[in-house]
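Enquirer: Let chain P serve as the given structure and place chain D on it in line with the hints.
Residues per chain are reported as follows:
There are 2 protein chains.
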Amino acid sequence: MADDPGVAAELAELRASIDNIDAAMIYMLAERFRCTKRVGALKAQHDLPPADPAREEVQVARLRRLALEARLDPEFAEKYLGFIIREVIRHHEKFPRRPSC
Amino acid sequence: MADDPGVAAELAELRASIDNIDAAMIYMLAERFRCTKRVGALKAQHDLPPADPAREEVQVARLRRLALEARLDPEFAEKYLGFIIREVIRHHEKFPRRPSC
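One line per chain: the protein sequences are P and D, in this order.
Those letters in the first sequence? Residues 0 to 100, per numbering that gives the first Met the number 0, in order.
Those letters in the second sequence? Residues 0 to 100, per numbering that gives the first Met the number 0, in order.
Hints listed in this document are in silico derivations from the structure and should not be mistaken for laboratory results.
Please note that the accuracy of each hint is not assured.
Since the list gives no way to pick one copy over another, a pair counts as held whenever it fits inside one copy or between any two copies.
Derived lysine-lysine pairs resembling DSBU-like cross-links, with alpha carbons at most 35 angstroms apart [as the list claims (entries may be wrong)]:
hint, residue 1, residue 2
1, K93, K78
2, K36, K93
3, K78, K36
Small disclaimer: the values here were computed from a predicted structure and weren't measured.
Pulled out of the complex, with its shape left as it was, chain P reads as follows (with noise of 0.2 angstroms):
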């Protein structure tokens, strides 16, 4: 792909780095996933629903502001957290809920 070995060598350089990096963000997810998998039985247990729209407004206002601390777009951030909902939901949806009566 690139020719010039400096340049090959510094891709290398930088795509180790960023193996690095999501092979801790796979083990961070799983450990995310095993949290919310929790919540989501607590949930299910004490029917209470599976959204939490006031809690998901706290959320991505700390994570809009650690992103800027952190030089990272916050709207990313954002996008971030609505895709991580998104597969938790689909977890919490998966837990079968008391009948309501």
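Expert: Then chain D, alone, in the frame of chain P:
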């Protein structure tokens, strides 16, 4: 939301873990985009295409394998990479390219 104080406390504990994980994720994403921005600049400088399907194939296979180890849905790991790569390509396309002459 949860009337039972035990349930509310358990939810609060789980959410504190989720919030810690999300903060870490934001800082990791910021670092990942610092790397990909440098990759993007390098590619633009040396007239290399922004997307790299061969590299992406290797990344997908690796992340699916790591996901299995972490007990995360491999489909989700692949969705995560797609989500990130779409953002990376959006960044790369912002870099001015040397005209092909």
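Enquirer: It remains to establish, for every hint, whether it holds in the given structure.
Expert: Hint-by-hint comparison with the structure:
1. K93 to K78: both (23 angstroms within a copy, 19 angstroms between copies)
2. K36 to K93: within (10 angstroms within a copy, 38 angstroms between copies)
3. K78 to K36: Cα proximity of K78 and K36: in one copy and across copies (21 angstroms, 19 angstroms).
Checked against the numbered hints above, the structure violates none of them.
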